[in-house]
Amino acid sequence: MRQQWRGPASIPVRIIEHLGYSGLSLLIAGLIALPLGVALGHSGRGAFFVVNLANAWRAIPTLGLLVLMVILLGFSPLAWLIPLVALAVPPILINAYEGVAGVERELKDVARGMGMRPWQQLIRVEIPVALPLILLGLRTAATFVVSTATIAAEIGLGGLGRYIIDGLSVSDYGQVAGGAALVVLLAMAVQLLFAGLRRLIVSAGLRKQAS
Amino acid sequence: MTWSWIASNAGLIRQLTLANAFLGIMPALLGLAVSVPLGIACVRWGWLYPPVLSAASAVYALPSLALFVVLIPYTGLSDTTVIIPLTLFSLCVLVPSVVDGLRGVPEPVRQAATAMGLRPLRRLVTVELPLAAPVIFGGLRVAAVSSISLASVGQLIGVSSLGYLFIDGLQRSFPTEIYVGIGGVILLAVLCDASLVLARGLLTPWQRQRQRRRRPGAVVGAPVGDAITRTGHSA
Chain A
1 MRQQWRGPAS IPVRIIEHLG YSGLSLLIAG LIALPLGVAL GHSGRGAFFV
51 VNLANAWRAI PTLGLLVLMV ILLGFSPLAW LIPLVALAVP PILINAYEGV
101 AGVERELKDV ARGMGMRPWQ QLIRVEIPVA LPLILLGLRT AATFVVSTAT
151 IAAEIGLGGL GRYIIDGLSV SDYGQVAGGA ALVVLLAMAV QLLFAGLRRL
201 IVSAGLRKQA S
Chain B
1 MTWSWIASNA GLIRQLTLAN AFLGIMPALL GLAVSVPLGI ACVRWGWLYP
51 PVLSAASAVY ALPSLALFVV LIPYTGLSDT TVIIPLTLFS LCVLVPSVVD
101 GLRGVPEPVR QAATAMGLRP LRRLVTVELP LAAPVIFGGL RVAAVSSISL
151 ASVGQLIGVS SLGYLFIDGL QRSFPTEIYV GIGGVILLAV LCDASLVLAR
201 GLLTPWQRQR QRRRRPGAVV GAPVGDAITR TGHSA
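Top line first, the protein sequences correspond to chains A and B.
Going by my numbering, the first residue of the first sequence is number 1, and it counts up by one from there.
Going by my numbering, the first residue of the second sequence is number 1, and it counts up by one from there.
Keep in mind that a hint or two might mislead.
[Unchecked claim] Which chain A residues stay away from chain B? Per the calculated CB distances, all over 10 Å, these:
hint, residue
1, 24
2, 58
3, 112
4, 123
5, 168
6, 173
[Unchecked claim] Here are some chain A residues pointing at chain B (derived, C-beta under 7 Å):
hint, residue
7, 13
8, 16
9, 63
10, 64
11, 67
12, 73
13, 143
14, 151
15, 178
16, 185
Think of the hints as simulated: they come from the structure by calculation, not from any bench.
Virtual Cβ for every residue (Gly too), placed ideally from N, Cα, C.
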């Protein structure tokens with residue numbers, strides 16, 4: 001009982017490891033995808049690229065990418081960072097693109113009529129209006145990354161997937177079910193976090209409209 | 001890349017590809033069989049839609065491996081253990097596409113059908129569902145492609161698929177095997193997607209004559225508000 005709560009294989013340590021992998025991947029993906037998505041959406045170019053990215057993204061098996069990276073790069077952090085970032089970039093990019101590209105013409109005209117410069121239009125009108133979709137993209141990416149960090153245990157990483165993979169290998173289904181339950185709880189916590197974030201930073205008028 | 005390995009293991013690769021295709025396509029079809037009646041009910045009784053949508057997106061947030069594992073005590077290490085979670089995931093894409101498709105049928109068309117004497121059921125089957133078909137096919141494509149890709153994770157609980165090549169390739173440090181696995185999954189997904197596009201073309205011949213319409217937004221994620229096209233699920 002005690003070893004579940006203390007030491008290197010304890011539940012708190014595994015949760016922190018899991019959140020560490022997920023958080024770092026999400027951060028890097030956000031730094032790449034948000035500026036790119038907003039820029040593409042603002043310019044209205046690259047629709048073809050974005051749609052194809054969405055399609056290709058669904059077909060790529062992350063497990064395959066993960067094991068391939070381990071073999072090519074060894075057990076360096078890049079081996080799990082590359083697949084997890086690759087998983088998180090498309091939803092963030094696509095939603096940022098759609099959000100900014102979907103801002104109504106009239107709204108932009110009003111902003112210009114009020115004397116805003118182009119970059120002010122972007123920062124003060126287009127991005128805030130696109131925020132619900134931008135957050136949806138981040139939430140989707142976060143959910144996927146937290147889920148997928150589970151299978152990272154297959155390549156010898158820590159995190160909550162350890163309980164599932166280790167439990168399976170010795171047919172200890174109690175441990176497996178416990179690990180699965182913890183992952184589910186973590187995924188739900190992430191959903192709640194983003195629901196709260198949405199409440200905090202999306203303008204009240206927009207929230208009313210969307211839900 | 002060791003090409004000779006591919007030739008000497010063609011039988012194994014073919015067998016794994018077929019298994020993966022089955023594990024990927026079944027959930028999409030089962031999901032469709034559930035979503036059509038569920039979607040019709042959601043359109044008929046509007047209050048049903050928000051709770052159904054929330055339930056579907058809650059399930060969608062769960063990791064596939066965790067769901068596989070939770071089912072093991074009930075369905076064992078069988079195909080069913082992989083097919084049930086993937087079917088549940090597909091609902092998150094398919095139910096909204098059925099609802100959006102049916103809601104997109106223009107009111108004048110509905111009235112014309114009623115004026116021609118079609119009863120509600122007949123109108124649904126012969127007018128509304130066919131007109132909703134392109135949108136439903138859009139959802140089906142997303143569901144099928146992501147299930148095919150996700151089915152490979154089933155290998156972690158020992159259900160055979162192209163994922164076998166990933167695990168075996170990892171254990172033997174043999175990249176060729178992994179390339180073949182990834183290539184196989186992508187090829188399977190592309191083939192399946194192409195056949196669905198073809199099927200849609202055959203089933204909705206009137207679409208071809210129409211000018212290309214504006215593409216619906218490619219919003220990716222669990223449904224919030226009126227997000228349109230949704231995505232597949234990840235591991």
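Consistency of the hints with the structure:
1. No Cβ of chain B approaches the Cβ of residue 24 of chain A within 10 Å, the least distance being about 17 Å, so the stated non-interface status holds.
2. With a cut of 10 Å on Cβ distances, residue 58 of chain A falls inside the contact zone with chain B, its closest approach being about 4 Å.
3. In this structure residue 112 of chain A is separated from chain B by more than 10 Å, as the shortest Cβ-Cβ distance comes to about 24 Å.
4. Listed as outside the interface, residue 123 of chain A is consistent with that label: its C-beta sits roughly 23 Å from the nearest C-beta of chain B, beyond the 10 Å cut-off.
5. Its beta-carbon lying about 7 Å from the closest one in chain B, residue 168 of chain A breaks the requirement of being farther than 10 Å from that chain.
6. Annotated as non-interface, residue 173 of chain A brings its C-beta within 10 Å of a C-beta of chain B; the closest such distance is 7 Å.
7. Checking residue 13 of chain A against chain B by beta carbon gives a least distance of about 19 Å; that is not within 7 Å, so the hint is violated.
8. Proximity of residue 16 of chain A to chain B is violated relative to the hint, the smallest CB-CB distance being about 18 Å (cut-off 7 Å).
9. For residue 63 of chain A, the shortest C-beta to C-beta distance to chain B is roughly 5 Å, which falls under 7 Å, so the interface hint holds.
10. Checking residue 64 of chain A against chain B by beta carbon gives a least distance of about 4 Å; that is within 7 Å, so the hint holds.
11. For the restraint placing residue 67 of chain A at the interface with chain B, the shortest Cβ-Cβ distance is roughly 4 Å, inside the 7 Å limit, so the hint holds.
12. Contact between residue 73 of chain A and chain B, as hinted, is not supported at the beta carbon level, the nearest pair being about 11 Å apart and thus beyond 7 Å.
13. With its C-beta approaching chain B no nearer than about 5 Å, residue 143 of chain A sits inside the 7 Å limit, and its interface hint holds.
14. Because the closest C-beta pair between residue 151 of chain A and chain B is about 5 Å apart, less than 7 Å, the hint holds.
15. Against a cut-off of 7 Å between C-beta atoms, the interface hint on residue 178 of chain A is violated, since the closest Cβ of chain B lies about 10 Å away.
16. Checking residue 185 of chain A against chain B by beta carbon gives a least distance of about 10 Å; that is not within 7 Å, so the hint is violated.
Of the hints listed earlier, those the structure fails to meet are numbers 2, 5, 6, 7, 8, 12, 15 and 16, in rising order.
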